[in-house]
Amino acid sequence: MLYDLLSAIAPFQNIIAIVFFVFVVGAMIFEFMDKVLAMSISICIMMILQIVNPTELVEMIDFNTIFLLLGMMIVVEITKESRLLSWMNIKIVQTTKGDPLILFILFTLTTFTLSTFLSNATTMMVLVPLTIGITKGMGLDPKPYLLSEIVFSDIGGALTLIGDPTNILIGSANNFSFSDFIQNLWIPIFSISLVMLCLLIWKYWSRVKPIHKSISKLFINSLSLRKIEEEFNHQKIDKTFLISTSITLTFVILALIFDIFNLPLAYIAFFGGVAMLLVARKFTHPHVVFNKIDWHMLLFFVGLFIHIGILEKVGALHPITNILSGNFTSAFELSMIIMWVVGLLSGFVENIPLVAMMIPVLQPILESGTITGNTEMVWYALSLGACLGGNGSLIGSSANMIVAQTAEKMGVKITFWEYFKLGYPITVLSLFISSLYLYFVA
Amino acid sequence: MISPSFIDSTSLLFRETEQISGTRDFCFMAMDSFKKSVHDFSGKKGSLENEVLDMVKLVKSTSPRISLLMFMIFKISEEFSQYLLVSPQASISDQKNKLEEIIEEVKNARKKSSEKLIKFSKDVIENGDVILLHDASHSIFDILCQAKTDKKQFSILLAEREKKKNLIIIRFLIKHNFSFQVVPEYLLSQVKATITKSMFGAVTINSLHEVISDAGTGSIVSQMKEWKIPVYVPITNDKFSLWEAKEHHTYKTKKHKISEDIEYDKLSFSHDRYPTNLVTYFITNKGILSADELNKKYDSYYKECSFWRKKNKISETDN
Chain R
1 MLYDLLSAIA PFQNIIAIVF FVFVVGAMIF EFMDKVLAMS ISICIMMILQ
51 IVNPTELVEM IDFNTIFLLL GMMIVVEITK ESRLLSWMNI KIVQTTKGDP
101 LILFILFTLT TFTLSTFLSN ATTMMVLVPL TIGITKGMGL DPKPYLLSEI
151 VFSDIGGALT LIGDPTNILI GSANNFSFSD FIQNLWIPIF SISLVMLCLL
201 IWKYWSRVKP IHKSISKLFI NSLSLRKIEE EFNHQKIDKT FLISTSITLT
251 FVILALIFDI FNLPLAYIAF FGGVAMLLVA RKFTHPHVVF NKIDWHMLLF
301 FVGLFIHIGI LEKVGALHPI TNILSGNFTS AFELSMIIMW VVGLLSGFVE
351 NIPLVAMMIP VLQPILESGT ITGNTEMVWY ALSLGACLGG NGSLIGSSAN
401 MIVAQTAEKM GVKITFWEYF KLGYPITVLS LFISSLYLYF VA
Chain Y
1001 MISPSFIDST SLLFRETEQI SGTRDFCFMA MDSFKKSVHD FSGKKGSLEN
1051 EVLDMVKLVK STSPRISLLM FMIFKISEEF SQYLLVSPQA SISDQKNKLE
1101 EIIEEVKNAR KKSSEKLIKF SKDVIENGDV ILLHDASHSI FDILCQAKTD
1151 KKQFSILLAE REKKKNLIII RFLIKHNFSF QVVPEYLLSQ VKATITKSMF
1201 GAVTINSLHE VISDAGTGSI VSQMKEWKIP VYVPITNDKF SLWEAKEHHT
1251 YKTKKHKISE DIEYDKLSFS HDRYPTNLVT YFITNKGILS ADELNKKYDS
1301 YYKECSFWRK KNKISETDN
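Those sequence lines, one after another, are chains R and Y.
Residue numbers 1 to 442, in the numbering used here, belong to the letters of the first sequence in order.
Residue numbers 1001 to 1319, in the numbering used here, belong to the letters of the second sequence in order.
This is chain R alone, in the form it adopts within the complex (with noise of 0.2 Å):
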C-alpha cells in the first residue's frame, strides 16, 4: 500500500517539494509556527515520502556556512563577554561630550562598522538599550538615533562576506573571500551612507542640532555622561579578558580580510572560534559561551540547504532558470532584475530562503556562457538586493525586528507604518545608487 501511494505521488514530488517550501516561508512570514519546526515536520514528511534520502540530505548541507557561522558566533560571544563591545560604546560616546548630533553620526557609523563584522542582530542586540539609555538619560528622543541605526545595519551588512548572512550564502557558494566582497561593494556601500546620512541629518535636524544655546540641556548631557562612565566604572572588567580577547579579534578579522592563511573562510573562522575559547578558557567556561551560540539559527540554516536541494532535486528551479536565461543575455540586465526584485520582496520576504533559492537558479546561467559581460557582478547585485532590501519594513531583517521589540520594551514604539515611509524609500534610493554602479561595472 506505501509502495503504491509512493508511486502515486512520485510525479508529483516537484509541487509537494514547493508546498512543503512554501509552508516553510509562510512559517517565517506569519509566525503560526516556529521555522526550525516547520522545516523539521517537512523533512521528516519527505524523507518519509522518499522525495530525499538521508545520503541526499547530508550532502544537501553546505558544511562551509555552517562552520562559518558557527565560528564567528563562538568569536561574538567571547568578544561580548570580555565587555569589549561595553569599553568601545563608552569610549565613543565619551567622544561626542554629549552633543546630540555627533551622538548620532558617532552611532550611526559604529553601527554600520560593527554591521560588517557582526551580525546585523548582534550588533542590534548590543546597541539599542544603549541607545536608548544615553539618549533618553540627555533628554533625548530616542527615535531619530534607532531609526538610524537600523537602516545602517542593514547597510553595513552588505560590506562583508559575514556582515549578512545572505552574504555568506553567496560567498561559500562561489568561493568569493573577504577581500572580494569589499572590492567590489566598498563604492555603492560608501556611496549609500553618505547620500543616507546626509539625508537622515536633514530629516532630523531639528531632533539632533548641535545644543550649544541651551544651558540645561548642555546639562543633562554632561550628567548624563558622567552617569553612564561611573555605571561602566561599577562593572568588574577584566583588563587581562579585554586586552586578549581585543588582540585575538583583531587578528582573527585579519585573517578573514587578508587570507593570510590560504584556507577556506570557514575553516579560518572555526579556528579563530576555536582560539578565543583558549584565549578565554581562564575566564569563562566554554559551556557558558556555547549555551549562547544561537543553535536555532545554524538549524534553520541546515533546514533551509536541505529545502533548497529537494527543490533543486525535483527541478522545481528549471522554470526560474529557463524564464531567467530566457529573457536576459547581459550581465548588466540580470544583476538589475535579480537586485531589484529581490530588494523589492527583501522588504517583506525573509531574504535568506530568497538568496538561498537563487543560487542554484543563477548558477546553471552564469556558468553556461551565455550571459555576456562581468558575470560575477550578479553575485553581488543579488547581495545589495538582499541586504538593502532589508531596510524596506520593520518585517525585512530579524535585526530590524529586534530593534522594534527592543525599544518596545524599554518605551519607544516605533510602528510598521512610522518606520516604512522611512525605509521603503530609502530602498528604493539605495538601489537606484547600486544601479548607477551596476551600470558602470557589469
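No lab work stands behind these hints, which were simulated from the structure alone.
One thing to keep in mind: the hints can contain errors.
Here are the computed lysine-lysine pairs in the DSS-like style, where the Cα-Cα straight-line distance is at most 30 Å [claimed, not checked]:
no., chain 1, residue 1, chain 2, residue 2
1, Y, LYS1192, Y, LYS1107
2, R, LYS80, Y, LYS1165
3, Y, LYS1035, R, LYS209
4, R, LYS97, Y, LYS1096
5, Y, LYS1044, Y, LYS1112
6, Y, LYS1246, R, LYS136
7, R, LYS143, Y, LYS1225
8, Y, LYS1175, R, LYS209
9, Y, LYS1096, R, LYS209
10, R, LYS239, Y, LYS1164
11, R, LYS213, Y, LYS1098
12, R, LYS282, Y, LYS1044
13, Y, LYS1197, Y, LYS1164
14, R, LYS136, Y, LYS1151
15, R, LYS213, Y, LYS1096
16, R, LYS292, Y, LYS1257
17, R, LYS409, Y, LYS1165
18, R, LYS80, Y, LYS1164
19, Y, LYS1096, Y, LYS1119
20, Y, LYS1075, Y, LYS1246
21, Y, LYS1075, R, LYS80
22, R, LYS282, Y, LYS1165
23, R, LYS97, Y, LYS1107
24, Y, LYS1246, R, LYS213
25, R, LYS91, Y, LYS1175
26, R, LYS91, R, LYS213
27, R, LYS136, Y, LYS1310
28, Y, LYS1044, R, LYS203
29, R, LYS413, Y, LYS1257
30, Y, LYS1060, Y, LYS1310
31, R, LYS292, Y, LYS1192
32, Y, LYS1165, R, LYS97
33, R, LYS143, Y, LYS1310
34, Y, LYS1266, Y, LYS1310
35, Y, LYS1035, Y, LYS1060
36, Y, LYS1164, R, LYS409
Could you slot chain Y onto chain R? The hints should help.
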C-alpha cells in the same frame, strides 16, 4: 520654556545618578556638569542670565527634589544675579568665567561642610565597635576611612539588601581592607547582641521632622531603637529640605510579572522615611546633635528661609 517630558527625563536622571553615587557625590557631578555646560555655552550676551534661571526652574521642578542640589543652584543664581547688577557691561566671556568661578566656590563650600562633618565624627567610632551598615552613604564611607586612618580597631556588619547596592558597599570595604561580615537584613535579630553601633545615610530631613533615606532603612532603624542600639546618621545642614513636605507620595510601577501566568501591580517608592526621634545622634557639620537638637536647628533654618521660599516660589514637595 522647559517641557514636561524634559523635566521627567531629568527627574529620572537625577534619581538614577543619586542612587549610584550618593547624594553628595551626585551634587558634585552636577556642579561639574553645570560648569562644563557654561563653558560650552555659545549664546549671546544677555541670554546667560535667562539660561541660569532656566536651570533653577528645571532643578526646582524635578521630582523628587534634591534639596542639596537645589540650594547650590539657588546660591549660584543669586550670586550671579548680584554680579550682573554690579557689572552690567561685562562681556559674555567675562560673564561665563565669573559664573564658572561661582560654581566652583559653591562646590568648594559644600566640600568644606563635608570636611567639618568628618572632623566632628572623630570620636564616634571606638575600639572594639561592631558597626552595622545598610546603605552606600559616602559620608559614612568617609567616616569609616577617617577612623581607620586614626588607627581605630573595629569591624563592620553589613545588613544585606539588593545586589547592586551591596556590591558598591562590599567593593568599598574590600578596597579599604575593612574587616566585615554580611548578614541578611531580615535576620538581624540573630546578631543583635554583637552590634555596638549602627550608621545609616540620609538624603534629607523634611518639615515633618522625618529622615528621608534609602529604601528599607526605616525598618532597620526601628529595630535598632527597639534593641537600644545607638543609631548614628551623618547629615550636613545644607541637605535639609526647607519647604513644606507632603504627607505621602507614591510611585506606581507597571505590572510586575513573576511567572508566565502571574502578574500584579507593584508599588515602588524612591525613598524610605522615618521620624528623626528614632535616631540617637546626628553627625553634622555643626557638631553631634541629638534628635531634639537637630529638630530645633531645622526649625530655625526653616523660619530663616521663609523669604527665600517666597522669592523662589518653593511650595510643596514630595520629600
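Going down the list of hints, with the structure as the test:
Our distance criterion of 30 Å between C-alpha atoms is broken by LYS1192/Y and LYS1107/Y, whose separation comes to about 40 Å. For the proposed pair LYS80/R and LYS1165/Y, the alpha carbon gap of about 25 Å is at most 30 Å, so the pair holds. Taking the CA atoms of LYS1035/Y and LYS209/R, the gap is about 22 Å. The hint holds against a cut of 30 Å. Of the supplied pair hints, the one linking LYS97/R and LYS1096/Y holds, its CA atoms being roughly 19 Å apart against a limit of 30 Å.
As the CA atoms of LYS1044/Y and LYS1112/Y are separated by approximately 35 Å, the hinted pair breaks the 30 Å bound. Distance hint between LYS1246/Y and LYS136/R is fulfilled; the C-alpha atoms sit about 29 Å from each other, no more than 30 Å. Between LYS143/R and LYS1225/Y the alpha-carbon distance is near 51 Å, which puts this suggested pair outside the 30 Å criterion. Distance hint between LYS1175/Y and LYS209/R is unfulfilled; the C-alpha atoms sit about 43 Å from each other, more than 30 Å.
The straight-line distance between the Cα atoms of LYS1096/Y and LYS209/R is roughly 23 Å, inside the 30 Å bound, and the hint therefore holds. A threshold of 30 Å between alpha carbons decides the hint, and for LYS239/R with LYS1164/Y the separation of about 22 Å falls inside it, so the pair holds. The hinted pair formed by LYS213/R and LYS1098/Y meets the criterion: a straight-line CA distance of about 18 Å does not exceed 30 Å. The suggested pairing of LYS282/R with LYS1044/Y is violated, with an alpha-carbon distance near 58 Å, which exceeds 30 Å.
With a C-alpha separation of about 24 Å, the suggested pairing of LYS1197/Y with LYS1164/Y holds against the 30 Å cut-off. Using a Cα cut-off of 30 Å, the hinted pair LYS136/R and LYS1151/Y is violated, with the two alpha carbons roughly 46 Å apart. Distance check on the hinted pair: LYS213/R and LYS1096/Y sit about 13 Å apart at the alpha-carbon level, within 30 Å; holds. For the proposed pair LYS292/R and LYS1257/Y, the alpha carbon gap of about 24 Å is at most 30 Å, so the pair holds.
Proposed proximity of LYS409/R and LYS1165/Y is supported: the alpha carbons are some 25 Å apart, at most 30 Å. A C-alpha spacing of about 21 Å is found between LYS80/R and LYS1164/Y, which places the hinted pair at or below 30 Å, so the restraint holds. The straight-line distance between the Cα atoms of LYS1096/Y and LYS1119/Y is roughly 35 Å, outside the 30 Å bound, and the hint therefore fails. Using a Cα cut-off of 30 Å, the hinted pair LYS1075/Y and LYS1246/Y holds, with the two alpha carbons roughly 25 Å apart.
A threshold of 30 Å between alpha carbons decides the hint, and for LYS1075/Y with LYS80/R the separation of about 46 Å lies outside it, so the pair is violated. Between LYS282/R and LYS1165/Y the CA atoms are separated by roughly 28 Å; this keeps the pair inside 30 Å, and the hint holds. A threshold of 30 Å between alpha carbons decides the hint, and for LYS97/R with LYS1107/Y the separation of about 22 Å falls inside it, so the pair holds. The straight-line distance between the Cα atoms of LYS1246/Y and LYS213/R is roughly 36 Å, outside the 30 Å bound, and the hint therefore fails.
For a cut-off of 30 Å, the pair hint linking LYS91/R to LYS1175/Y stands: about 26 Å separates their Cα positions. Distance hint between LYS91/R and LYS213/R is fulfilled; the C-alpha atoms sit about 25 Å from each other, no more than 30 Å. Distance restraint check for LYS136/R and LYS1310/Y: the Cα-Cα separation of roughly 33 Å exceeds the 30 Å cut-off, and the hinted pair is therefore not satisfied. Simply put, LYS1044/Y and LYS203/R have alpha-carbon atoms about 27 Å apart, close enough for the 30 Å limit, and the pair holds.
With a CA separation close to 20 Å, the supplied pair LYS413/R and LYS1257/Y stays within the 30 Å bound. Using a Cα cut-off of 30 Å, the hinted pair LYS1060/Y and LYS1310/Y holds, with the two alpha carbons roughly 13 Å apart. For a cut-off of 30 Å, the pair hint linking LYS292/R to LYS1192/Y is broken: about 45 Å separates their Cα positions. A hinted pair counts as satisfied when its Cα atoms are at most 30 Å apart, and LYS1165/Y with LYS97/R qualifies at roughly 28 Å.
A distance of roughly 41 Å separates the Cα atoms of LYS143/R and LYS1310/Y; the hinted pair therefore is violated under the 30 Å criterion. At roughly 37 Å between alpha-carbon atoms, LYS1266/Y and LYS1310/Y are farther apart than 30 Å, so this suggested pair is violated. Restraint check for LYS1035/Y and LYS1060/Y: satisfied, since their Cα atoms lie roughly 19 Å apart, inside the 30 Å limit. Proximity of LYS1164/Y to LYS409/R is assessed by CA-CA distance (about 22 Å); at most 30 Å being required, the pair is judged to hold.
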